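A.B. asks: Single-letter residue listing:
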Amino acid sequence: MSNAFTPDEMMTIAASRALTNEDICFVGIGAPSAACNIARLTHAPDITLIYESGTIGTEPGVLPLSIGDGELCETALTTVSVPEMFRYWLQGGRVTIGFLGAAQMDMFGNINTTVIGDYAAPKTRLPGGGGAPEIASSSAQVYMTMKQSLRGMVDQIDFFTSFGHGEGGDHRQRLGIKTKGPTLLITDLAIWTPDSKTKEFVVRSLHPGVTCKEVQETCGWSVRYDSELEETPPPTDLELKTLRDLKTRTRAATRS
Amino acid sequence: MSNAFTPDEMMTIAASRALTNEDICFVGIGAPSAACNIARLTHAPDITLIYESGTIGTEPGVLPLSIGDGELCETALTTVSVPEMFRYWLQGGRVTIGFLGAAQMDMFGNINTTVIGDYAAPKTRLPGGGGAPEIASSSAQVYMTMKQSLRGMVDQIDFFTSFGHGEGGDHRQRLGIKTKGPTLLITDLAIWTPDSKTKEFVVRSLHPGVTCKEVQETCGWSVRYDSELEETPPPTDLELKTLRDLKTRTRAATRS
Amino acid sequence: MTTMAEFLALEEAVRRHVKDGMSLAFEGFTHLIPHAAAHEVMRQGMKDLTLIRMTPDIVYDQFVGLGRVKKMVFSYAGNPGVGLLRRFRDAVENGWPQVLEIEEHSHAAMANAYEAGAAGLPCSIFRGYLGAGLKDVSPNIKSVTCPFTGEKLAAVPALQPNVAFIHAQKADKKGNVLIEGIVGIQKEAVLSAKAAIVTVEEVVDNLDSHPNATVLPHWTVSAICVVRGGAHPSYAHGHYDRDNAAYLEWDKIAADRDVFAVWMEKNVLTASPDDFAKRIEGLEK
Amino acid sequence: MTTMAEFLALEEAVRRHVKDGMSLAFEGFTHLIPHAAAHEVMRQGMKDLTLIRMTPDIVYDQFVGLGRVKKMVFSYAGNPGVGLLRRFRDAVENGWPQVLEIEEHSHAAMANAYEAGAAGLPCSIFRGYLGAGLKDVSPNIKSVTCPFTGEKLAAVPALQPNVAFIHAQKADKKGNVLIEGIVGIQKEAVLSAKAAIVTVEEVVDNLDSHPNATVLPHWTVSAICVVRGGAHPSYAHGHYDRDNAAYLEWDKIAADRDVFAVWMEKNVLTASPDDFAKRIEGLEK
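Protein chains in written order, with the working numbering: chain A, 2 to 257; chain B, 2 to 257; chain C, 192 to 476; chain D, 192 to 476.
For the record, the hints were derived by calculation from the structure and aren't laboratory data.
Check before you lean on any hint, since a few could be wrong.
[Unchecked claim] Derived coverage of chain C by chain A (criterion: at least 3 residues anywhere in the stretch with Cβ under 8 Å from a Cβ of chain A; other residues may be distant):
(1) 215-228
(2) 298-311
(3) 314-323
[Unchecked claim] With a straight-line cut-off of 30 Å between C-alpha atoms, the simulated BS3-like cross-links for lysine-lysine are:
(4) D/LYS333 x A/LYS179
(5) D/LYS365 x A/LYS248
(6) D/LYS261 x D/LYS238
(7) A/LYS242 x D/LYS365
(8) C/LYS457 x C/LYS476
(9) B/LYS179 x C/LYS385
(10) C/LYS457 x C/LYS262
(11) C/LYS261 x C/LYS238
(12) C/LYS210 x B/LYS179
(13) A/LYS181 x C/LYS333
(14) A/LYS214 x A/LYS148
(15) A/LYS124 x C/LYS238
These figures come from a predicted structure and were not determined experimentally.
The C-beta atom is built at its ideal place from N, Cα and C for all residues, glycine as well.
Please take these sequences and the hints and turn them into a complete structure.
C.D. replies: The following block contains the structure:
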């Protein structure tokens, strides 16, 4: 196996490291799902993964294509109805980490997956929020992961699909939201966490070989860096092998 | 088998006759349960019996001792949780007949199973309402069955555990209740239905051998009789045999 | 609603229960999506429909592309695992083939709204939409104050479709229906609706499942129609797998108005419920 | 509440989680009533308790007769299939051995209140108490107006016990719990509580049940205690039958203050959780 790794692989692996055995993780599809399963297959075998289709404690052998794949149910501890999932499990305050992707986000972790342009007459109609509005407010914390791009990381999102830190500062508290909101952003280039006061995302660690210039060129707001900027440890052989094996198994299963 | 029958047997059998194959019946324990199962074992094999413990479409081989006997679950089509039972099945408007017993009732079918005396300092503390308050308001109709006695059928109940026709007339509509309320009362002596206007229970049929005097002597309000008072047909051999066999099976199962 | 299940051909069930202008819910959360039933409604030409679904996917893209939909009530409109819905986008962005009214919610709101419908309540309250933009654009998101704590909770009206459609694994001969696996919102969809049409893989003597399995008694269902493979290209737990190629293919079909029209004519408008059995060949368990 | 199940002896679980003055819910709807757990709390002497349960029966009669209960929150207080609860009556009617505060609801209200607790909501709304007398005597029954229809609905505050106790058939080695049969309100009781103690008949390698069976993940449970027969004299579906004689006998025991005291001393206060296994002999399936 090559020691070289892609930014995408680094992103998934860095995200997986943030998860622990104790987490009850509400998993969004796509990049979050890969990260959560790599965590489960490496350092956090006891993590509980929940998908909004109702599957609790699921251990898929391959990455699900959708939020409701049969594999998720077949390997789950139990599968509940969708209303129960949103009422007892998410709103009930049992989720420690809501793990979301985004089409568009701003520096305060507010997410847009609804429309590009005006809501009533959009330039691009996106799928909408799905579970995200309440995942963002009911999970104890929210982790986010996305590839950096000027289209994705913007100064102003077009629609508040789900609320991160709003205008920053104590905006969540002012709205009566008791959970922490976005506390971690993992991109293909860096690891970000919010400034403790302003809640603006600040780069804490650059992935190996990534420059500040690259980060800024793919981000629509003026990037702040930690004064003690670190370098993300590269993927270990085990992490990389686990991720590549999972992707290989997934491709094989999908093709069949 | 003897052709003689007890007033209790007549009561159960007369009550069973009111039920049909099309009914979805929410069954109270005791006399209602016996009547519902006799209906199922004679002329209404397709009746759906629901017990508040969550058992839907149950077909007990013996009479349950409690509302949550294992027999009810083992013979049920499905068993749901108690909140689901009250939310989707009762409040959802799916029950055609709520079948209730009572410790105390008045001429308008209001029921008391809460206290004898004052609520705050009762002479006798009874079990309370259980499912009855909402069975009485959410079932399309309410059937009632009880043995006549001056203690049971009173001019004024001590507590409105569940609402029948209130003060009579259109009292239900005035409270915004859309269901019909009590439409049938079967006692050990007679069959009663409400006056279409005043909603006061009126005797429509006397069980074989019963006199008006006996009915009045065991009823705390001044009894009204239908101008075309009928006699309840006596139990058929099949009805009586079915009831006695059921009671025998029940006793045997309980003793073992 | 208390009704009595009739075993009917799907054509007859749709003819009897569906009319222009109705609100219809074809539910299924990735699993057991009632494609066959939806195609039958498309074939019979009903229009001005209000379509309700948490996760409208290919099958609602088809309805929208055919111009049958007046309004869509939903919480996530995507092609699962693939991307956007291109006919839906064309309708919202360009008004083609006609303007589409939308009422958009979060999943939590839709789930609560179905739950309220099933529970016979006029509305549902939940802790939702905090800071989210939808409550500013949807008149059907209001609030209620808890009389005990003073907390302001979100409120949405109950969903009460005219007809709910689901696909299930089995019915018994009386018409009781069993759903297993990812049960989604199907029970609530049926119980919230005025009428319910259920397509099933098979009819068995006895459901023979777990005491707490998800079962809909026959008197909650209006019609049962046997359509083997009726969830294709989605899957039926224990029966057949998802046809992932069909989802990928849809992205190309829906990308072009003409390609879409030709495909719909061949595969839906001139097809029949019996075609579904062939479509699951090779996917069966 | 997110916690991690520990396998503990019942004595230790109660010692760790229960304190004077707490609100406790021992739930079970005729089935799987956690008698062993309740007896352990009685033995350890906790007092000034608020006891919550839809159907308080023998076991709450015992708590009340011992003078451990400050307040009872309930919807039906009877000896199932037998009659009234005589210790409960003595407390309410005569204040013996101490005055008992009561908060009384209907089943629908209690079920909704637990449901709201499980769902993390401050209250629940439902169509209830229409014309019924309880709303005039209970300050915890209020109303909310539907913002869409104007209908006035009943509202009750969520139940959130300090500790919920249930008895279940099985746990696996990680502490995931399976309940089958009449599942009652147990899942909601556990999910609404700050801590949950579960007694089980047995621990198995694998729960091996239906995908949609009622399972409580280990992280919703504080402690798991193996107590075979721990639901006696109620029953455990698939394990043992109800001991009906014990229910009938209770009616006589509870009829007299002295007989009650002697019986409690012998059968509860100087007994142990291990005694339950003997009590189900002859009732096993």
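A.B. asks: Now, for every hint given, state plainly whether the structure supports it.
C.D. replies: Do the hints match the structure? See the list:
By the rule of at least three residues with a Cβ nearer than 8 Å to a Cβ of chain A, the coverage given for the region 215-228 of chain C holds, with 3 such residues. Evaluation of the coverage hint for the region 298-311 of chain C: fulfilled, as 6 residues show C-beta separations to chain A shorter than 8 Å, against a requirement of three. Coverage of the region 314-323 of chain C by chain A holds. Counting CB-CB distances below 8 Å, 7 residues qualify, and the rule asks for three or more. For the hint pairing D/LYS333 with A/LYS179, the CA-to-CA distance comes to about 26 Å; that is within 30 Å, so the pair holds.
With a C-alpha separation of about 29 Å, the suggested pair D/LYS365 and A/LYS248 falls inside the 30 Å cut-off, and the hint holds. For the proposed pair D/LYS261 and D/LYS238, the alpha carbon gap of about 8 Å is at most 30 Å, so the pair holds. Between the alpha carbons of A/LYS242 and D/LYS365 the distance comes to roughly 28 Å, so the proposed pair stays at or under 30 Å and holds. Annotation: proposed proximity of C/LYS457 to C/LYS476 holds, straight-line Cα distance about 28 Å (limit 30 Å).
With a C-alpha separation of about 18 Å, the suggested pairing of B/LYS179 with C/LYS385 holds against the 30 Å cut-off. Distance check on the hinted pair: C/LYS457 and C/LYS262 sit about 26 Å apart at the alpha-carbon level, within 30 Å; holds. At roughly 8 Å between alpha-carbon atoms, C/LYS261 and C/LYS238 fall within 30 Å of each other, so this suggested pair holds. With a C-alpha separation of about 28 Å, the suggested pair C/LYS210 and B/LYS179 falls inside the 30 Å cut-off, and the hint holds.
For the hint pairing A/LYS181 with C/LYS333, the CA-to-CA distance comes to about 25 Å; that is within 30 Å, so the pair holds. With a C-alpha separation of about 16 Å, the suggested pairing of A/LYS214 with A/LYS148 holds against the 30 Å cut-off. With a C-alpha separation of about 27 Å, the suggested pairing of A/LYS124 with C/LYS238 holds against the 30 Å cut-off.
The structure fails none of the hints (numbered hints given earlier).
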